Amino acid sequence: MTNAYVVGIDMIKFGRFPERSVPDLGAEAALMALDDCGLKIQDMQALYCGNLGQANAMVGQRVLQQIGQTGIPVVNCANACATGATAFREAWMSIKAGVYDVVLAVGVEQMGRGLLGGSGAGKGIPKEGLLGSGTMPAVFAEAGQEHARKYGTTFEQFAKVSVKNHHHSTLNPKAMYQIETPLETVMNAEMIAYPNTKLMCSVNVDGSAAAVLCSEKKAKELGLMGRAVKVAASVLTSDPWQERDLVMPDVNTCTRKAAATAYEMAGIGPEDVNLVELHDCFATAEILHYENLGLCKDGEAGRMIDEGESALGGRVPVNVSGGLLSKGHPLGATGIANIYEVSTHLRGEAGKRQVEGASVGLTHVIGLGSACALHVLEKVS
Amino acid sequence: MSEENAAQGPLPVVDFLKLPEGGDPYLEGHKCKACDAIYLGERSICSKCGARGEIDPVKLGNTGTLYVYSIVHRSFPGIEVPYISAIVDLDGGGTVKGNLIGVDADPEKIEFGMPVEVVYKDALGRKDKDGNSYTSYFFQPRS
Ligand SMILES: [Zn+2]
Numbered sequence: 001m002t003n004a005y006v007v008g009i010d011m012i013k014f015g016r017f018p019e020r021s022v023p024d025l026g027a028e029a030a031l032m033a034l035d036d037c038g039l040k041i042q043d044m045q046a047l048y049c050g051n052l053g054q055a056n057a058m059v060g061q062r063v064l065q066q067i068g069q070t071g072i073p074v075v076n077c078a079n080a081c082a083t084g085a086t087a088f089r090e091a092w093m094s095i096k097a098g099v100y101d102v103v104l105a106v107g108v109e110q111m112g113r114g115l116l117g118g119s120g121a122g123k124g125i126p127k128e129g130l131l132g133s134g135t136m137p138a139v140f141a142e143a144g145q146e147h148a149r150k151y152g153t154t155f156e157q158f159a160k161v162s163v164k165n166h167h168h169s170t171l172n173p174k175a176m177y178q179i180e181t182p183l184e185t186v187m188n189a190e191m192i193a194y195p196n197t198k199l200m201c202s203v204n205v206d207g208s209a210a211a212v213l214c215s216e217k218k219a220k221e222l223g224l225m226g227r228a229v230k231v232a233a234s235v236l237t238s239d240p241w242q243e244r245d246l247v248m249p250d251v252n253t254c255t256r257k258a259a260a261t262a263y264e265m266a267g268i269g270p271e272d273v274n275l276v277e278l279h280d281c282f283a284t285a286e287i288l289h290y291e292n293l294g295l296c297k298d299g300e301a302g303r304m305i306d307e308g309e310s311a312l313g314g315r316v317p318v319n320v321s322g323g324l325l326s327k328g329h330p331l332g333a334t335g336i337a338n339i340y341e342v343s344t345h346l347r348g349e350a351g352k353r354q355v356e357g358a359s360v361g362l363t364h365v366i367g368l369g370s371a372c373a374l375h376v377l378e379k380v381s
Numbered sequence: 001m002s003e004e005n006a007a008q009g010p011l012p013v014v015d016f017l018k019l020p021e022g023g024d025p026y027l028e029g030h031k032c033k034a035c036d037a038i039y040l041g042e043r044s045i046c047s048k049c050g051a052r053g054e055i056d057p058v059k060l061g062n063t064g065t066l067y068v069y070s071i072v073h074r075s076f077p078g079i080e081v082p083y084i085s086a087i088v089d090l091d092g093g094g095t096v097k098g099n100l101i102g103v104d105a106d107p108e109k110i111e112f113g114m115p116v117e118v119v120y121k122d123a124l125g126r127k128d129k130d131g132n133s134y135t136s137y138f139f140q141p142r143s
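First to last, the protein sequences are chains A and B. Counting from 1, one number per residue, gives the positions in the first sequence under the working numbering. Counting from 1, one number per residue, gives the positions in the second sequence under the working numbering.
Bound conformation, chain A alone:
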């Protein structure tokens, strides 16, 4: 099987663009990714498009209607918050399978504001606030509390994740926010669902990101190996049955399963990873994934955040982009935006937030329901 490479990749600055359309946002990122490698839409053999909010509305085709209707196959996919990463993975598989040599993956989302999840009354009466909460801040608060129950993780330790990621975003011009949030500010912000305050919840934003993937032969032919990033592993899992998962979505098992497979596929271990973009949809979630991804031993995630090991300059910087907490979380775009961030570091082009000497990076997303997608990216030496 051929190796697959990212040869072009980019994202728009995340923000709120209510006056624009989903295909319009997707088209912008698609053109940026093409320009990043100097290719044209006519060079693309297929398009894999991820979007959740308009999953039944042929977003990929509508992107092509804006930038070039070349008649190529288009696959539209939706996989909750793993949507963008799933589109990227479909593109990767088409290269690995030898079906195509150069393809485009786009992730795009336009979000409303406010709470996600919960509420759907179904029949009878609304259950929110009667049978507990189905809101995402509460669901991830409960997931974090499981860690607190096992290891004594504190509200302050969860809050430190937000301090770190908001700090990182001050170095990222494409992040929604570039604002420092000291620990007291995070802990004293409006409590949404204990232990997640408002500053510990990801930001609903509009955004898009896109990548051009290429086979090894084609990348060499086109002279694009110079800035290419190798996709050393691409893994997708769903959630295996768990005792409590009727009432408590399990984001741990599917991540652990994906991580084990990804490290094996890439022929590396977690100790080889130089930076990680992981699914910090809530501050509580990031703590869980340090252990799920093997970045530290079980029970050590609290210590890891306390000692700054996951901060820029630390042992394994996590979410140097600002993460979903501060860069923003446009669901369908997030997975490809994570890959953009890691690729940018591997190319040595991340400016002020550059992780020095980065040669291997990991990206991770979780779509509740559930889907976990992991990618290992490697610098081409």
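Hints may be right or wrong, so weigh each one.
[What the hints assert, rightly or not] Below, computed lysine-lysine pairings styled on DSSO-like, alpha-carbon distance capped at 30 Å:
1) B:Lys121 <-> A:Lys123
2) A:Lys297 <-> A:Lys379
3) A:Lys150 <-> B:Lys31
4) B:Lys59 <-> B:Lys18
5) B:Lys109 <-> B:Lys129
6) B:Lys127 <-> B:Lys18
7) B:Lys109 <-> B:Lys121
8) A:Lys40 <-> A:Lys220
9) A:Lys40 <-> A:Lys198
10) A:Lys123 <-> B:Lys109
11) A:Lys13 <-> A:Lys198
12) A:Lys379 <-> A:Lys218
13) B:Lys127 <-> A:Lys123
14) B:Lys33 <-> B:Lys59
15) B:Lys31 <-> A:Lys123
16) B:Lys18 <-> B:Lys121
17) B:Lys31 <-> B:Lys59
18) A:Lys257 <-> B:Lys109
19) B:Lys31 <-> B:Lys48
20) A:Lys257 <-> B:Lys121
21) A:Lys257 <-> A:Lys40
22) A:Lys123 <-> B:Lys18
23) B:Lys18 <-> A:Lys150
24) A:Lys96 <-> A:Lys297
25) B:Lys33 <-> A:Lys257
26) A:Lys257 <-> B:Lys127
27) B:Lys109 <-> A:Lys150
28) A:Lys123 <-> B:Lys59
29) A:Lys257 <-> A:Lys379
30) A:Lys257 <-> A:Lys220
31) A:Lys297 <-> B:Lys48
32) B:Lys127 <-> B:Lys59
33) A:Lys13 <-> A:Lys40
34) A:Lys198 <-> B:Lys109
FYI, nobody ran anything at the bench for these hints, they're computed from the structure. As the structure is a computational prediction, the values presented were derived from the model and not from experiment.
Start from chain A and add chain B with the ligand according to the hints.
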């Protein structure tokens, strides 16, 4: 609102809450005979082991322990806050989510593993469009 469409007594808030005539309310699980997995609500195939047609109804316990919780301070419009969203492991098997009542919405007052009982009460005054009232289940601390 047409009260004449309302049923005689309160309705159960979810299908797995049973209100037997002349008996005490209880939560009903469905248990796989092949692997002992417990589900809330009826089903015919076990998603743990894949067994078909092996699932029987079981009466779940009325006591349990608090597994984890969140104190919800912001919810959807019209939903009164704060409330404690609790996940409870029932004695004898089964895990259920609901509101924890009878304790302050303060992390200092709530302990993981604390013993709770299941109590059955009116569903916070909520009624459906036909004017039906509902019985819900809640958890409260037990000594
Ligand atoms: Zn079974």
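Structure-based check of all given hints:
The suggested pairing of Lys121 of chain B with Lys123 of chain A holds, with an alpha-carbon distance near 19 Å, which does not exceed 30 Å. Between the alpha carbons of Lys297 of chain A and Lys379 of chain A the distance comes to roughly 26 Å, so the proposed pair stays at or under 30 Å and holds. Restraint check: the Cα-Cα separation between Lys150 of chain A and Lys31 of chain B comes to about 28 Å, which is no more than 30 Å; the hinted pair holds. Of the supplied pair hints, the one linking Lys59 of chain B and Lys18 of chain B holds, its CA atoms being roughly 9 Å apart against a limit of 30 Å.
For the suggested pair Lys109 of chain B and Lys129 of chain B, the alpha carbons sit about 37 Å apart, so the restraint of at most 30 Å is broken. Between Lys127 of chain B and Lys18 of chain B the CA atoms are separated by roughly 18 Å; this keeps the pair inside 30 Å, and the hint holds. About 23 Å separates the Cα atoms of Lys109 of chain B and Lys121 of chain B, which keeps this hinted pair within 30 Å; it holds. Restraint check for Lys40 of chain A and Lys220 of chain A: the C-alpha separation of about 17 Å stays at or below 30 Å, so the hint holds.
Among the hinted pairs, Lys40 of chain A with Lys198 of chain A is inconsistent with the structure: their alpha-carbon atoms are about 42 Å apart, more than 30 Å. For the proposed pair Lys123 of chain A and Lys109 of chain B, the alpha carbon gap of about 34 Å is over 30 Å, so the pair is violated. Distance restraint check for Lys13 of chain A and Lys198 of chain A: the Cα-Cα separation of roughly 22 Å lies within the 30 Å cut-off, and the hinted pair is therefore satisfied. As the CA atoms of Lys379 of chain A and Lys218 of chain A are separated by approximately 18 Å, the hinted pair is consistent with the 30 Å bound.
Between Lys127 of chain B and Lys123 of chain A the CA atoms are separated by roughly 11 Å; this keeps the pair inside 30 Å, and the hint holds. For the suggested pair Lys33 of chain B and Lys59 of chain B, the alpha carbons sit about 14 Å apart, so the restraint of at most 30 Å is met. For the proposed pair Lys31 of chain B and Lys123 of chain A, the alpha carbon gap of about 25 Å is at most 30 Å, so the pair holds. Proximity of Lys18 of chain B to Lys121 of chain B is assessed by CA-CA distance (about 13 Å); at most 30 Å being required, the pair is judged to hold.
Taken as a hint, the Lys31 of chain B and Lys59 of chain B pair is honoured in the structure, with Cα atoms around 10 Å apart against an allowance of 30 Å. For the suggested pair Lys257 of chain A and Lys109 of chain B, the alpha carbons sit about 36 Å apart, so the restraint of at most 30 Å is broken. Taken as a hint, the Lys31 of chain B and Lys48 of chain B pair is honoured in the structure, with Cα atoms around 11 Å apart against an allowance of 30 Å. Restraint check for Lys257 of chain A and Lys121 of chain B: not satisfied, since their Cα atoms lie roughly 42 Å apart, outside the 30 Å limit.
This hinted pair does not check out: Lys257 of chain A and Lys40 of chain A have alpha carbons roughly 38 Å apart, beyond 30 Å. The suggested pairing of Lys123 of chain A with Lys18 of chain B holds, with an alpha-carbon distance near 17 Å, which does not exceed 30 Å. For the hint linking Lys18 of chain B to Lys150 of chain A, the alpha-carbon distance of about 34 Å lies beyond 30 Å, and the restraint is violated. At roughly 33 Å between alpha-carbon atoms, Lys96 of chain A and Lys297 of chain A are farther apart than 30 Å, so this suggested pair is violated.
With a C-alpha separation of about 28 Å, the suggested pairing of Lys33 of chain B with Lys257 of chain A holds against the 30 Å cut-off. This hinted pair does not check out: Lys257 of chain A and Lys127 of chain B have alpha carbons roughly 44 Å apart, beyond 30 Å. The straight-line distance between the Cα atoms of Lys109 of chain B and Lys150 of chain A is roughly 18 Å, inside the 30 Å bound, and the hint therefore holds. Between Lys123 of chain A and Lys59 of chain B the alpha-carbon distance is near 24 Å, which keeps this suggested pair within the 30 Å criterion.
At most 30 Å may separate the alpha-carbon atoms for a hinted pair to count; Lys257 of chain A and Lys379 of chain A meet this at roughly 25 Å. Simply put, Lys257 of chain A and Lys220 of chain A have alpha-carbon atoms about 34 Å apart, too far for the 30 Å limit, and the pair is violated. The straight-line distance between the Cα atoms of Lys297 of chain A and Lys48 of chain B is roughly 28 Å, inside the 30 Å bound, and the hint therefore holds. Note on Lys127 of chain B and Lys59 of chain B: the hinted pairing holds, with a Cα-Cα distance of about 27 Å set against a maximum of 30 Å.
Between Lys13 of chain A and Lys40 of chain A the CA atoms are separated by roughly 22 Å; this keeps the pair inside 30 Å, and the hint holds. With a C-alpha separation of about 23 Å, the suggested pairing of Lys198 of chain A with Lys109 of chain B holds against the 30 Å cut-off.
Checked against the numbered hints above, the structure breaks hints 5, 9, 10, 18, 20, 21, 23, 24, 26, 30 and satisfies the rest.
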